[in-house]
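Enquirer: The lines below spell out each chain.
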Amino acid sequence: MSACKDQDPRIHGIKTKIRVVPNFPKPGIMFQDITTLLLDPKAFKDTIDLFVERYKGKNISVVAGIEARGFIFGPPIALAIGAKFVPLRKPRKLPGKVISEEYILEYGRDCLEMHVGAVEPGDRALVVDDLIATGGTLCAAMNLLERVGAEVVECACVIELPELKGRDRLNGKPLYILVEYH
Amino acid sequence: MFAEEDGLKGDPRLQAISEALRIVPHFPKPGIMFQDITTLLLDHKAFKGTVEIFVDRYRDMDISVVAGVEARGFLFGPSIALAIGAKFVPLRKPKKLPGEVISEDYELEYGTDRLEMHVGAVHPGERALVIDDFVATGGTLSAAIRLLSKLKDIACTLWTTYFSHSLQYFVHSGKFSVLVERVGAEVVECACVVGLPEVEGQSRLNGTPLYILVGPQLRERPC
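Protein chains in written order, with the UniProt record's numbering: chain A, 1 to 182; chain B, 1 to 223.
Source of the hints: derived by calculation from the structure; they are not laboratory data.
Source: prediction; values computed, not measured.
For every residue, glycine included, the Cβ atom is placed at its ideal position computed from N, Cα and C.
Please note: incorrect hints may appear among the correct ones.
[Stated by the list, open to error] One-sided and incomplete, this derived list gives chain A residues near chain B with beta-carbon spacing under 10 Å: (1) Leu-38; (2) Phe-73; (3) Pro-75; (4) Gly-82; (5) Ala-83; (6) Lys-84; (7) Glu-101; (8) Ala-118.
[Said to hold, decoys possible] Footprint (simulated), chain A over chain B, 3 or more residues, beta carbon under 8 Å: (9) 22–32; (10) 47–55; (11) 77–88; (12) 94–104.
Based on the provided sequences and hints, a complete structural model is requested.
Expert: Structure follows, in structure tokens:
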């Protein structure tokens, strides 16, 4: 589900602040650049507020953010709703003992890691990233959390590219997004 | 300077932050005692206290830009920016930012690295704060300062003036400095959660003040 564009007046302001950069990182890709959103304090605050309003009082104990743009949105949400923040990182960035989840890319594989002990059985988790495309990274994130016994309550992203059907790769877990890009 | 030398001596939030840090020996290589802030992020009260201390310090300093160094600066910078009404600007490793960038190289122990920032993110004369989790030598922060206060490409400006008669007057008269436009911000301060005492002894990076919440954690914690 997405925040209803017609009902919340903040959504339009957020959408207009996202910059589309053609042919990045390679030809044919229309890159959704959220850095321009971060340059508008009101629009950035509205983005966080929309997530906080949804998750406050839902007993979320952990917000997991995907490196690196999930680190921009995740911590302010975690702080506002009283949850801990857990960074999910590319290989060899986290210093302590980790568990890893491999996932498939268009060409090749990648890997997401989480510190052992950061998330405990019974933790109720929210996964945050700036954008969902094919859903591969979010799926890997969810797997990491479930492997240690957490319950993934929802995945939350600022932007969805619905044509890539990432939503279908979330094993039935709900997805909350603010803006769709067609 | 350390926070406890600047009015926060005995502040319980600083002790909570210190206790929440974790030291990881021999990461990323033998001999390095890595200061891990991820355990701080797991302690909601201590994490909140960290952000509050920075917000209290910077809220009335007329700062319009908080620049965070990838990736751990992203963990602290946005919350500070949101609370003080500033924009957040990510300073990133090469080829991550999609738009037109300016860049700054800096020295590592072996080799060099590079920081990039989007063109147009920062306007001349804006007051900026640079934030990262940790400072050791200050090399990365110094590069961030140079990036934010960067002058326009001087070579490009001089080449243009060489072929222009009217502008050659300015070159010959020594007035070409007026052609070099300062496109950068004024970096008011650099802020870090943890810092090594060696760099604290400098207390400034190329003249820019450095503010550090706590010194390094020295004892290992059980995992």
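Enquirer: Could you run down the list of hints and mark each one as holding or not?
Expert: Hint by hint, here is what the structure shows:
1. A hinted interface residue such as Leu-38(A) counts as satisfied when its beta carbon comes closer than 10 Å to some beta carbon of chain B; here the least separation is about 4 Å, so the hint holds.
2. With a cut of 10 Å, the hint placing Phe-73(A) at the interface with chain B holds, because the nearest CB-to-CB distance is about 8 Å.
3. For Pro-75(A), the interface hint holds, since its Cβ comes within 10 Å of a Cβ in chain B; the closest pair sits about 5 Å apart.
4. The closest approach between the C-beta of Gly-82(A) and any C-beta of chain B is roughly 6 Å, which is under the 10 Å cut-off, so the hint is satisfied.
5. Taking 10 Å as the C-beta contact cut-off toward chain B, the hint placing Ala-83(A) at the interface holds, the least distance being around 7 Å.
6. Given the 10 Å rule on beta carbons, the hint for Lys-84(A) holds: about 4 Å separates it from the nearest Cβ of chain B.
7. Interface restraint check for Glu-101(A): the shortest CB-CB distance to chain B comes to about 17 Å, outside 10 Å, so the restraint is violated.
8. About 6 Å separates the beta-carbon of Ala-118(A) from the nearest beta-carbon of chain B, less than 10 Å, and the hint is met.
9. With 4 residues bearing a CB less than 8 Å from a CB of chain A, the segment 22–32 of chain B meets the requirement of three and the coverage assertion stands.
10. With 3 residues having a Cβ less than 8 Å from any Cβ of chain A, the segment 47–55 of chain B passes the three-residue criterion, so the hint holds.
11. Restraint check on the segment 77–88 of chain B versus chain A: 8 residues with Cβ-Cβ distances below 8 Å, three needed, restraint holds.
12. Counting residues of the segment 94–104 of chain B whose CB lies closer than 8 Å to any CB of chain A gives 5, which reaches the minimum of 3, so the coverage claim holds.
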